[in-house]
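Student: Chains as they are written, first to last, in my numbering: chain A, 6 to 700; chain B, 47 to 209; chain C, 10 to 112; chain D, 4 to 519.
Simulated from the structure, these hints should not be mistaken for lab results.
Treat the hints loosely; a few may be bogus.
What the hints assert, rightly or not - Restricting the straight-line Cα-Cα distance to at most 25 Å, the calculated cross-link-like pairs of lysine to any residue (SDA-like) are:
#1 LYS87/A to GLY439/D
#2 LYS100/C to LEU110/B
#3 LYS31/A to ASP477/D
To be verified - Example chain B residues on the side facing chain A (calculated, C-beta under 10 Å, incomplete):
#4 ILE138
#5 VAL139
#6 TRP148
#7 GLY172
#8 THR173
#9 MET176
#10 ILE186
Note that the structure is a prediction, hence the values are computed from the model and not measured.
Positions of the beta carbon are idealized from the N, C-alpha and C atoms, including for glycine.
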Amino acid sequence: MTWIVRNLWLIPALPALAAGLTALAKRHQRRYSAALAIGAMGLSFLLSLCAFSQVMLAITHGQPSRQVVNFPWFEFGNQWLKLGWMLDPLTAIMLVMVTFVGLLIFIYSTGYMAHDDNFTRFFCFLSLFAAAMLGVIIANSLLLLFMCWELVGLTSYLLIGFWYHKPSAAAAAKKAFITTRIGDLAFLVGMLWLFSQAGTLLFYDQGAGCLEHSALTAMVAHLTGIGMAASTGIALLIFAGAVGKSGQVPLHVWLPDAMEGPTPVSALIHAATMVAAGVFLVARVYPLMAAHSDAASALSATTALQVVTWIGAITAVFAALIAVAQNDIKRILAYSTVSQLGYMMMGLGVGGVAVGMFHLITHAFFKSLLFMGAGSVIHGCHEEQDIRRMGGLSKLMPVTFATYAVGMLALCGFPLFFSGFWSKDAILHAAMGWSISRIPFYLGSLGALLTAFYMTRQVYYVFFGTSRLASHHEATPAAHTAPPTPHESPSSMTFPLVLLASCAILLGAVGTPAWPWFDSFLSGEAPIFAFAGFLEHGILPVMLTSTLIVFLGLALGWWFYGRQPILSADLPDALEQLQPGIFRVLQNKFYVDELYEHTVIRWNSALATFSDWLDRWVWNGVVMTVSNLVLGLSWLARSTDTYLVNTSFDEGCNTVTTSGKLLARLQSGRTQSYLRLVGIAFAALVLVLIWSARS
Amino acid sequence: MLFTIFAALTIAGAVAAISLRNLVHSVLSLILAFAGLAAVYLLLGAQFIGFAQILVYVGAVAILIVFTILLTRNDGTFGTSSQASWNLGALIVIAVFGTLAWTIHSSAALQHALPPQPEATMQQIGTALMVRFALPLEVIGLLLTAALIGAATIALHEKQERP
Amino acid sequence: MTPLSSCLMLSALLFSVGFAGVLMRRNAILILIGIELMLNAANLNFIAFWRYGSAPEALTGVMFVIFSIGVAAAEAAVGLALIISIYRHRKTTQIDRINSMRG
Amino acid sequence: MNLTPSISSLTVVPLVGALAVLALGSNRKLARGIALAFAFLALIFTLLLWHRFNPASGTLQLEEIHAWIPVLGVQYHVGADGLSLLMLLLSTLVVPMSMAASWNIQEKPSLYFALILLLEAGLIGTFTALNFFHWFLFWELSLIPAFFLIRLWGGSQRATAATQFFLYTMVGSVTLLLSFLALFLYTGIFDFITLGELARSGHLLQSLATAPHGTAATADRFALLICLGALLGFAVKVPIVPFHTWLPATYAEAPTGTTMLLTGTMSKMGLYGLIRILLPIFYLQMRSMRTPLLWLAVATIVLSAYAALVQKDLKRIFAYSSINHLGYCLLGIFSILKFTGDDPAMLSEKAAALSGVFLQMFNHGLTAATLFWFVALLEKRSGGLRGLNDFGGLRKVATVFAGLMGMALFSSLGLPGLNGFIGEFLIFKGVFPLAGWAASLSTLGLLLTAIFLLGLIQRVFAGPLNPSFAHMPDLTTAERLSLFPPLALMVALGIYPQLVLGVINSTVLHLVQQLR
């Protein structure tokens, strides 16, 4: 076991240490905390590269690509609970992606957050997030993964609510935490079930892990009361956790609201890494998801994977539809993220780990690119987020425009030169070949079309035409300063953009059908380069179809928004003019928030009120009744006392007092009178004695 | 014969002690009564007691009373109780004496013959005190000490507080 | 009249005289004198019973008297000290004015 | 010569302290100084005991037995196993915290601190006594100072709250006493350990059958009745829904330092009684009631969490949250009634649940006390205000305060990495295979806890700054230092729970071996 495997824990530990040190920093120690965070992240990145090359070496030498380190944590009863970390291709690739994107976003943040009061705290939270996220990635125990998963949720909560003085931010943070926690609880139950079934939560433990053959066989064979295999139930519950974290329908509502956080946060957490953790989780427990009994055909998808596919496909289309009608630059990207996450899930469901993960990696790069570009735009436009009030930025912010365009084309899946094309193509190809149904394929295609359309719309609104920022500022009386002109962002922000843009293009090269390096890397095989890969069954038609779809989307976008420049911010949207009813539904996100507001949340608060009422009136009422009864009895007893017992008692007391007074007279305080009595008594006593002796 | 004289002396002293108006005279009469009693003890063969009686009562108690009288001086009233309570007191005293006398007179226990005169030498008394009655002796010593300290405290207390 | 009964009669007389002093005088010092007389009467009784009683060699009566004298001395000392103390407070030795213990 | 203290000397320390405070503490500074010194002395004694304790053995250790009233079977019998020791540590830890929270009390400080020390003595006695006679004395001894602390230093409704608290717990105590007197009548034994052995060997039921008109059949019913009486005593103390209504009012009205003691340690007395006394002696009877009991546990968890959602007073919120957290302990305790037999897998699940219960008891004591401490600090700054809507945006002016209280809140919420998580995880891990439905329903409590605690953060710390708190001071250095130990312990236990689990594990195994 090599040095890097033994010390893999350093990768999350370094940012955690940085977070701890930054937490102690004073508010004005900006350079120190930023340097600390970036330095720790840089070191983690280097270590991740080491880990990556270690896995590469192992694969090329034909050694087992997965290495685990387990250690005991605490004991209960007769057993020790163990945790552990592992290094396998999936971990390695995620480590490199997260540390790289994280590093770039850290650098970007120094520019973006330069003027914020709580600069040091921001880096503290970011480092903590990075630590937790890296912990999720290297975990070899579902428990450790869950713990880091929750910590990721915490940091997400802290960062969404970073501008806590805005009530909307505070509310969004709470909503994010609670919505994901709903999923997490299902995850927890799934984990408990898994624990009770497999007796361990370690993924791999020399044959005894819960993702290894013996445990899987046992779980598949164990049927629950409703005839479902235990493995299916567990897989579905764990998937529910992923649904929450990755913003899948129906728990997607928090992700768009999470855009209340600072833009680097949106780029890092809510585009590239944390939301992808759900996909990563499904990929991690894929053996469980795909576990089937030996009797069934190996080709047919398991129930769990079917559910994953359907949820992913529906989410992809659903979110894309909503994105079409949004006006906030970050919300559009947020819904786009939800949609792309749906793609990843679908990819996992129909095509396996490599398909979904490839899209995860490419998406991480171009979506963080887009978010950071959007951040740059927002920064340049002085915190304006409404795309209707932007426009004409292509000349004012050339670097941002160029990189944004790359990201947009990658997201749309523009053919051949952009990574998004290859990864999306892989998903669509797998969907077409899915044995259960073709519908996910059609849904995916529709999603691709919509993606191209809404991204074109956004780009036209933001970068083309004339600037509508000034006109808006003139229109509002509140503008007492000169109308601000948009400006290009500092180099600390553009540099990461350029770097990410190049990645968004180049990454596509590792996953083409001709050189499926990514696929083989994940399955631990050496890749083979062959153009014949293109000629495999069904590849070329799918490529053509998706190319057509992308062009169709771009053209539609141009038709609606590019033909004539958008002149005023107040003009209704082109689609709104065409179909106002549908547009309103989309703009209001299919009224899902309202639906939840009127059902779940209302029931919940009704239950809360009911419970409080129960407390106040029923439980306490019983007690009060009993105590009142007792009080009544005691009142009765008291009256008896007062009018019957007391009167006679008082009489008795009076008698005693009077006689006491009489007796007190004897108590004259004069010794002589006492002695007199003594004398009389003595005489009397002697007389009595003598008399009694006589008789 | 001697007994009758000493008895008369004793009673006379006692009566004078309680009835004289001048307190100092009373004490002098008291000394007479004590002395008479001491003589009676000697007649009865209890030499030690007799001398102890003179030492303690005549030598100590009577002198103590004299000092007290001097310390409290004369507050001018020597009087007896009011007439009614005087009468009552006299009646009670007579009743008590009557019962006592009658009891002595009618007691059957007094009809014994005289036993031989017992010896009560100093040596005997000393041996008895040191052997059989050692503990009571200790206790009485303690009691005396305590009484002494107590008396001193009671008498001196006020003086210190009010100089 | 036997010697014993005459002794006892003397003792009874002495006791009564002392008792009379206690009952009929108001001066505390005189009352104390009365008490001393009563004690002496008791002592005389002990001596008489020792002298004429059975088993005189045990010296019980003598011992009683010795201790009684001791106690009487202590009693006289404390009693007189009390009288002095009371006198300081009240400027009187009249017993019927000292009645703060009245019920 | 062995220099480590005995349990008896540990019990005596706070008693002596109480007397010393009363005797010497004429001024405030001296009184609280002495009180704190004795509280720390008790803590040091406990740590020495902890050191002397052999964690490899699950049986009772450090035992002391002296005959007391032999005719009544009354012995002075004390001893400690891992559970007792853990509770001792918790009590001696929470008492100094509570004193620090009441540091600036104005009225009769010497009496206040003396009562707290007296309460501590009662607690220590309750957690170590093994004979019903003096166990009950200590049980009641802890009640009296608590009553006076509430009655004399409480809030505006203190008279009602104190009376309610006292009467409620008194009723519980009376039924408890009656139950044990009945047991004594037919067995002649007051000793818990002996009674437990009798129950296991079946002689207990035989003894009960000797009651007038008794047969084997009535013995069963009689035993159930006795068990119910004892259960009521503990149920009120824990509390179990629906016997909990005294708790929110009491916690809200008690001075906050006292509330820390009430929630941190006194609520553990009930659970301790359930585990130490009720389960070994009445295992069969409890087992026959297991399903209703589990329902009660679930109701305790869910209903209290729901009730917490609509509370407007910080202390009431934490009070309901406290009930909720203790509900998980109940769930764990009742779930081990589910299976009997020697199946090692099931025994292992029971061990997990019990370990979780022990850990949760400790964690809840620590966390809840810390939370109430924060409320005390907040009250000090706001002049007594503690409504949910009285604040707003405090994070801006009191960053450290918000951060540290947030930590305690997240610990209460069960965030991994802090102490709350492991206990809850172990409970759920054990309960799930034993009673899956109960565990699944109870996860709702976890969600609701998150909702109301985050709502609290949102209302109090986030949003625009309430102008009346614009100059609220942040935590002082002294406050930071005094808050450091509990918070550090939360992190330490969250990362390395073996610290506690190592000590209790043998005890858990021993208990599980007994209860099957």
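Student: Taking the hints in turn, state whether each one holds.
Tutor: Hints, verified against the model:
1. LYS87/A to GLY439/D: Distance ~23 Å between LYS87/A and GLY439/D Cα, so the pair holds.
2. LYS100/C to LEU110/B: holds (20 Å)
3. LYS31/A to ASP477/D: Since the Cα atoms of LYS31/A and ASP477/D sit roughly 15 Å apart, the hinted pair holds (cutoff 25 Å).
4. ILE138: holds (4 Å)
5. VAL139: Result: holds, 7 Å to nearest chain A Cβ.
6. TRP148: holds (8 Å)
7. GLY172: This interface hint is violated because 37 Å lies over the 10 Å limit.
8. THR173: For THR173/B, the interface hint is violated, since the closest Cβ of chain A sits about 37 Å away, which is over 10 Å.
9. MET176: For MET176/B, the interface hint is violated, since the closest Cβ of chain A sits about 37 Å away, which is over 10 Å.
10. ILE186: Hint on ILE186/B: violated, closest Cβ of chain A at ~26 Å, above 10 Å.
The structure is inconsistent with the numbered hints 7, 8, 9, 10, although it conforms to all the rest.
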